[in-house]
Structure formats: C-alpha cells, structure tokens
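Produce the entire structure from the sequences given, and follow the hints as far as they go.
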Amino acid sequence: MIASMIRQMWNERKANVLILLELLVVFSCLLYAADYLYVKYKEYKQPLGFDISHVYKVWLGVVPETSADYDTTAVHTTNGMDDFFTIVDRLEKDSRVETVGYTSGNHFHYMYFNRFATFHGKGLKRYGYVRDVDPSYFRVFKVKTADGQSWEKLEKTLENNGIVVTSSVAKAYYGSPVEGRGKDIWITNQGDADSIVYHIGEVCEPQRYQEFSSYDYAYYRNLGGRDELKKYGIEILSGNINLFVRMKPSADKPELMQQFRKDMEQQLRLGNIYLSDVTPMSYYREEVLRSALDNIRLYVVGVCFLLFNVLLGVVGTFWFRARQRIPEIGLRMAVGASRSVIFIQLIGEGLMLLAVVTLPALLIYANLAQLDVLTATSMDLSMVDRLVYSFLMAFLTLAMMIVAGIVFPAKQAARLNPTEALKDE
Amino acid sequence: MPSINSYIKQSWRLLRQNRLAALLSILGTALAICMIMVFVILFIANTAAFKPESHRADTYYVTYVKTEGKADGRRIAMTGLGLPFIKECFYPLQSAEAVTAVVRDIWQKQILLSMDGRNTVTASILETDTAFWHVYNFDFVAGNPFSKATFESGLHEAVISEKMARSIFGTEQVVGKELKINFQVYRVCGVVKDVSRFADKAWADVWIPYTAGTHLFYNMEGIGGSFECYMLLKKGHNREDLQQELLKRIDNFNAGLSDVRANILHQPFSHLEKWMGGENSEVSVGKVFLRFGVIAFIILLVPALNISGIILAWTRKRIPEFALRQAYGATRQRIMSQVLLENLLVTLIGGLLGFILSYLALACMGDWLMITSLGQEQLSLQMVNGWVFIAVFILCLLLNLLSAVFPAWKATRQQISEALNS
Amino acid sequence: MITLTNLEKVYRTKEIETVALENVNLTVDKGEFLSIMGPSGCGKSTLLNIMGLLDQPTRGTVEIAGVQTASMDDKQLAAFRNKTLGFVFQSFHLINSLNVLDNVELPLLYRPHVSAKERREAAIAVLEKVGLSHRMRHFPTQLSGGQCQRVAIARAIIGNPEIILADEPTGNLDSKMGAEVMEILHKLNQEDGRTIVMVTHNENQAKQTSRIVHFFDGRQIQ
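Protein chains in written order, with our numbering: chain A, 350 to 774; chain B, 4 to 425; chain C, 8 to 229.
Simulated from the structure, these hints should not be mistaken for laboratory data. Be careful, since some hints might not be right.
[Stated by the list, open to error] Dumping the calculated DSBU-like pairs for lysine-lysine here, alpha-carbon to alpha-carbon at most 35 Å:
#, chain 1, residue 1, chain 2, residue 2
1, B, Lys320, A, Lys363
2, A, Lys491, A, Lys394
3, A, Lys491, A, Lys363
4, B, Lys290, A, Lys391
5, B, Lys69, A, Lys391
6, B, Lys290, A, Lys394
7, B, Lys90, B, Lys12
8, A, Lys493, A, Lys363
9, A, Lys505, A, Lys532
10, B, Lys320, A, Lys760
11, A, Lys389, A, Lys474
12, A, Lys580, A, Lys505
13, B, Lys112, A, Lys491
14, A, Lys579, B, Lys290
15, B, Lys112, A, Lys391
16, B, Lys237, A, Lys394
17, C, Lys82, A, Lys772
18, A, Lys474, B, Lys69
19, A, Lys389, B, Lys90
[To be verified] Here chain A is said to cover these stretches of chain C; the calculated rule only asks that three of the stretch's residues, wherever they fall, bring their Cβ under 8 Å from a Cβ of chain A:
#, stretch
20, 30–44
21, 80–86
22, 93–100
23, 114–125
24, 175–181
Here the structure is a predicted model, which means the values were calculated and not measured. Positions of the beta carbon are idealized from the N, C-alpha and C atoms, including for glycine.
In structure tokens, the structure reads:
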C-alpha cells in the first residue's frame, strides 16, 4: 500500500513541488525555533539558587537636610541607623511578616548592581562577585547549602565570620561543591590592589541572576553587625542598604499588601526616615525578563504563523486534489476500498509529504548547526538532546497541522457516493 | 482590446466562484502582510525619528565605562559615567552639536506630592542638564525648560509631563506652581506633552537639573558615577570624527589619573546599534539586517508558495480559456499579465485586510506580544506615516510576483490546439 | 448468480421525484453473458451500479452469489466488491498518475494478506492475458483507447471475481478496438466461466451474447 502511494506521489511529483517546498522551508524554520524554545525552556527550568516568592523590597527614603520637612529635633539625627534598626525590629514583630533581612547595595537578585571580585589559587582565575549581606539574607531568600540543607548553616557561617561561596566557585577550585567546605581561598575585591585570604565556612547552592543567565562565581561575607553599621549616618540608606521582607504566604494577597503598606507608612516614619515603597521582587523579575520573554513570544508568534500557513497550504492543496481525483476515488471504492480506507489513504499521503522533506530539512538543520547560527546558551546541554527534542517537537506539530488540514477534504472525499464520483469527469 | 476593467470584473467573478481558493489566498496574504507590518511598525517605532527624539540618526550614546587598573589593566568596575569624566571628555567635544548627561534611576520610582500632601503619585525622574533640551525636541504645553542660570545654581525647578500635571494639580496650566519631589520643594518651570515609551532615552515623567539631585557622587578618580552621555553630531562631522576626538580626550584624561584609567570599549553607539544589541552592542548592524532580511523573506516565501499552488490549480482549470484567448490573437505576454493582474486583486484585498489586522493585532495582543514596547504606551499614529502605506503596497506587489509568476508562465506554455481539445 | 427482486430506484430532490427503476425482477445465471440495452436515461446504468453494490435500491433486494446484500455496512460492501465483482467502464477510469502495472494491481491493494510480490506476479499474468505485457511500464496517457480498456479489463479480473460488470466498454472505441475488447470479454466468459453483465448500445455486440434484456423508462420490457 505504502509503496504504491509513494509511486503515485513520485509520478505526481510536479504537482507536489510547491507544497513540498513549503513544507521544507517551514520544517527547517520549525527545527530552528523548536531548538530555541527547548534551550530557553531548559535555561528557565534550571534552579535559580534563591526563592523570591512572598519577598518584597522595602524602599526607605531619607528626608534631605535641605527640606522643610527635615526634622532637626529628631533624637536620632546624629545616629540615624538606630532608627533603621527600630524599623527592622518593627517589621520583624508584625504578624504578617515571616522574616526580615538586609544586604549592602551591591547585591540584589535580578538587578545588576555589582561589586566584582577575582578568585585566585591553583593557577585558576575566576571573575565573579563579592556580596556583602547580613546573615539574614539566606533566611529571606531561602538559599540552600550545596548539599540541599536549609539556610541555618549558611547564616551561622557568616555569623562566625567565615564566607559562603557558591557551588560554582567550590566546583572550579575543589572539584565538587562540598569539598570547598573549610578551605581557604584568595580573593581580590573590586577596587583593592591586593588579594586577601578568606576561610570558606560553607558552600551554598549554585546561583544565578535570573532565569536565562548562567551560574555566577560569587561569595558572601558578613556586612557587619548592628554596632558596626551604627557608625554610619542614615545617608547610607539611600542606595547602600537593601531591606527585604518575606511575608507569610497567608498575608501575601494584593488587598492585604495594600493594607500592610498603609500601616507601615505610619509605623516606619521614624526621625527622617520614611517608607517610600514596598515592591514585590516579582516586579524586578518581570522587568529583567521582559526582553527575553518578548523574544520567546516573537518566536511563538512566528511558529504559529508558519503552522497556520501550512494548514492553509495543506487544506488548499488537498481540497483541490481531492476534487480533481473524485473519479479516482470512485474507482478505488468500486474495486473494494472502504470509506475509512480512502480517508486513511488521504491522510497518509499528507504525512508522506512530510516524510519526504524530513531528511532534507534535517540536512539544512545540521548545516545551520555547523555554521553556528543555532541558539547560543551558557547551559551545558547535550547537542544530541537538543537535536532529538527539537526534531520531535517540529515533526509532531507539523504532522498535527497536516492531519488537521487534510481531515476536512478527506472526510468530504470519503463521503462521496461512488456512482456520482465515477460520473464526475 | 480587453480593458483592465473587464479583467477586474472577470477576476471578481472568479473569486466568487472559487470561494475556498479565494478565502485561502486572501487569508494567507493577509496573515503574511500582517506579520511583516507588525515588524515594520515595531522597527519604525524603535528606530525612526519622532518627537521628542527627532535626531535619532545623529545621536550617539555612551552609557557605561570600564575602569581598569593603570598598571595591570585588570577590570575594576563597570559603571555609569562620573561627572568629572564627562566634564573633561564629553562636554567640550568639538564635533558634537550638543552633549547632554543624564541620570535615570530605572529601579525606583520617586514620590511626587502636592504641597498640601493630598495628591501623591509615583513618577520616573530624569536628572539632566540644559543641553538635553537641545538634543531632544519636546513639545511644551506651557512654560520653558529650566534655564542655564537655574541649572548652574542648582535651583529646584522641574519640567513635568501633562499626565503628572493633571494628577498633582488637576490642570496643565501649572507653571510657577510648586510640588514636592521626595520631600523637596520644586517649582514647575514647564509642562510637556506626554512622551511615548518608545522614546526610551528622552522618556520620563519629570525632568530636573542634576545639580539639584542627589546623584553627583563619583568614584574611581572621577571615572565612575551614575551618568549616561548622549551626543548630537554636529553638521559636517561624521561618527569617525566624534569617536577619534572622544578617544583623544579620554587619553588626555587618563594621563592625569594616578592608579586607574577609563575605557569606553566600542562606544559610542548609534541609535540603531543600541536598539539591536541592547546594552552590550557588539553586534554588527549588517548582520542584524541580514537576519531581518532572511526572516522577511521566509514570511513572504511561505504564503507565496501556498498561493502559488492555489493559483496553479486554478489556472490549470482555465487553460482552455487562455487557449481560446490566444486563438483570437492574445499574446502570451497579455495572458501572463492577465493572470498577474487577477492575482493582484486577491493580493490587494489580502493586503488591506492584513494592514487592518496588524493594527488590531498590535492593539489587542500588544500586551501579550510586546509587553516592553507596547503594553505601557499606546502606539501613536504620529510614528506611522505614509511610509508604512507604501511599504504595504510594495510588499503586496512582491508577494504577488512571488506567487503568480510561475503559474502565469505555466498557463501560457501549453500548445493552443492541445489546450483547446483538453 | 445475481437475483434482483422487486427492485425500485427513485431519485428525490426537493422539487422533483424521478423514477429510475420500477419493479425490476431479473436473474442472471452463473456463466451467463447478459446484455442490457435501451436508450439513454432508461435506467440501465443505474441497474448496473446497483448490481455492483455502488448504489442502494429504494426498494427491493439484491442477492449476489447467494448473499443478501441489504444488511451489509460500508466495510463489508467494500470487501465484497473487492472479492466478487470486477468493473469495466466506458471511460476506462485509469489513474493517470500510476503506470499500467500499478493500475492493474489496485484491487489487490485493498485485499488483506497479499504480498507485493504476489500482486506483481498476478498483474503480469493478467496483462499477458489481455496481450499488454509489453506495456507494463507505460502510463495511461501513452496508450491508445483500446489498450486502456484492455488494462481496465486486466484490472477487473486480477482479483479473480466471479462477476464482471461492464458499462458500455466499447462506447469510446472505434470498431476495430471495440472488437478486440469484445473478443477478450467473450474469452473470459467462455474459457474462465465468468458471469458478465454488459450495458451496451451496440446491437451487433449484444447479439453475440447469451441473452439480451431491454429497458425503457426504468422498466424491463422483455
């Protein structure tokens, strides 16, 4: 049966040239797009190394001295950081808040405010980041250790003046993440000329900035205790301290957050510090992911466009073809083809077209891979997986479209009355 | 001599007789045109000049600087520009018509407050200088930009958008009135028409002199800071001049530093490069255009193959008719142009439909399709001018040629006698 | 072999009701070569289609080879046609995009458990029988009308059916080619013992067959 179909199609090759050409172009494009989407999906799915659900950034503002609202009588104007810690404590005490944490200005997931650091040793040099955080950072962002335990160990490490490195660092220098524990490492911080030796107390899970970026080399050290920070004036609150709260899941509802914001606006007006905004971390995530997601959407739109065209093309081709072949269909029925066989045969012809272009499309795809125009990724993805998955995705969606396009004309053809069909010239 | 009119009448009848074929080709054309139009509209909105970014073609951007160790060239920092660096290297540029420095805090919106504290709104604030009003071409509804004197003495004056004026004061006629920005009192000196988010460099809700702001700090011996620098090229100079002069000035500046040096890498970037490459624009514009070309070609090719197949089946049925016309003296050329003309009708209907569809698509799916560019600001018709209409027409012609030439050629290849007998 | 009882066929459209066949009772015996004659539109083609199970009668029963066909569904009908009936048409109905060999093989394609090799061998054998084994690789458009009809006959007999239904098999052929085709049909009737029912306008050809039935306005008149 199949051999006969192939022979018939070969004999009709001239009539099939256009639809074959179209399928070839679309198949190649779909392979490319499927690979892109697969890569992006894989990147997206990799763990981030932190958890921003229910986490909000609390923006504090400082009334400038030149303002008429500046409170010169405030007790803490000289030592305003006391006010800051009062605010931290008040937030902590609120029943809707799960936990509170703060970091220096140069670490903030999704926002690229960085201080660079260079890791040395064993002839290796790795560029990464230094992140000054309060130990509570790990608690707020639920960062796990390299071996999957919760944040307590990481917090303790910073409290004991050790540093925490990310798994990427430990892996590069000691082979495996857990091996890094207890080792010493040389690091040059941005702006310093010389390197300092640090003691690695614990290794945290691999971390990256956002869903589509690669894992970073980074280390965490203690920002300094409260006494240390109280040496500074409140000016450091504008830009140099980031304050975060993790809300209890039950309190993290838009209406409740509205109320929380209102309550806090009053409670947190302390001395010359005021609450300017409480922004969900998801806002920053959206801001950063926008262009990447836009791109993905464009690909999806492109894919839909191509598939829809295939649908139109297949409907057109097979509709005309079924009409031209009405006598042939009548004859096939006369010699013993049942209606379902006619239907299946027409669908089979469509899929055969797809089978014909599969090999050339794969060749084009392989050439694209050779030319290095396929999607670049920093993820470690096997080329075989990419090929197999993108092929399956492209092939199956295309097959689905073809079948969808033929079902209508094929049903019409199968419903023909054989005597009428044989009369049709 | 059959007139064009009779051709059109006949093709209209043919369309009505072959509803499915007509529907398929019109849908295919409409979809293709719609796809390309969406791209064209986006491209125009992102790159073509429109107010206030009226000089996009001649504007160049330096938005970050790398600070390196003078001795070992090690990377120390990658930051915005510091004011001393700008004052030394950018403001004095001879090959630039105007140079402006701006600070934009993209992550935090600021609080605007009416003096009585009743009306409050969050706003994006741009801190800049007087040259900004020269580089960009704002429509003032009332008042003027802040003056040089205001800027130099760091007076608290602000230009605000209509939208802000309405939400704080309830009216646009607010020049001379006062409001609070982050608890500091500012006097409104001008009100401008709202700016589209597509003008992402000039865009803001409030513009104040940076001398009144809080971002004047700098580090790395003056290299690093929070500023970006935009330069408008002077007439008679080209990009090369600008880049050379800038590099020379930076060399001089670096010579005066003790431990570090500034490196602007491949900057300054043109507007096109900036848009295509994002923040690290090291992609070549040529390559990006090649990519666009390939995409546009595929978007046109695929439906063209479709429509070609449909026309082929359609004309095959009409071969006796063509033979008859030839028997009565029509030349092949004439038959071919008949098929092309008939198809043009289909293409034009499809094109028109596609054009309407593209606006609908942008209006309805804008949020989903391009949250960055469209979700926040409706497309203004000002950006889409006659060029877009011409582009659609040319695309229609292209699609028509792509899809109809082959069937038209086939239709006239048959021997007349054979065709008449078939 | 074929028994038609009280057969009636009425075509209905919204406005008109056309009676194509009325009270037809006809028996065709095994090994018979029956000619059906009558003017155009007398219902003879309708009758042949009903015998060929391509169309259902409005009333009455069709029994073929001892089987009542009324209760059969589409699948059973298709299988039955495939096994028991062979068709020859006035306009040949060859598939232009298949070569002679593939055209002839067609019925076996719809029969389960026939290998490609068996099909090929059977096709070659029947093509030899109709004297066309030298044209196996040609396409229908490259053959003369008589050759086309011989291919169609080869296709009709490849499945070894007991009954062959021929609808004006020589209607599109000149007299010499027509005679060739008739010769083959007679051979199939006499040598292989196949039952043949033929619709024809040609008095001479009809006279050579074992029985003639005349139709007029949907009625059998003798």
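Quick rundown of the hints versus the structure:
| no. | hint | verdict |
| --- | --- | --- |
| 1 | Lys320/B / Lys363/A | holds, 16 Å |
| 2 | Lys491/A / Lys394/A | holds, 18 Å |
| 3 | Lys491/A / Lys363/A | violated, 64 Å |
| 4 | Lys290/B / Lys391/A | holds, 27 Å |
| 5 | Lys69/B / Lys391/A | holds, 32 Å |
| 6 | Lys290/B / Lys394/A | holds, 30 Å |
| 7 | Lys90/B / Lys12/B | violated, 71 Å |
| 8 | Lys493/A / Lys363/A | violated, 63 Å |
| 9 | Lys505/A / Lys532/A | holds, 17 Å |
| 10 | Lys320/B / Lys760/A | holds, 24 Å |
| 11 | Lys389/A / Lys474/A | holds, 29 Å |
| 12 | Lys580/A / Lys505/A | holds, 24 Å |
| 13 | Lys112/B / Lys491/A | holds, 27 Å |
| 14 | Lys579/A / Lys290/B | violated, 54 Å |
| 15 | Lys112/B / Lys391/A | holds, 34 Å |
| 16 | Lys237/B / Lys394/A | violated, 49 Å |
| 17 | Lys82/C / Lys772/A | holds, 22 Å |
| 18 | Lys474/A / Lys69/B | holds, 20 Å |
| 19 | Lys389/A / Lys90/B | violated, 43 Å |
| 20 | 30–44 | violated (count 0) |
| 21 | 80–86 | holds (count 5) |
| 22 | 93–100 | holds (count 4) |
| 23 | 114–125 | holds (count 5) |
| 24 | 175–181 | violated (count 0) |
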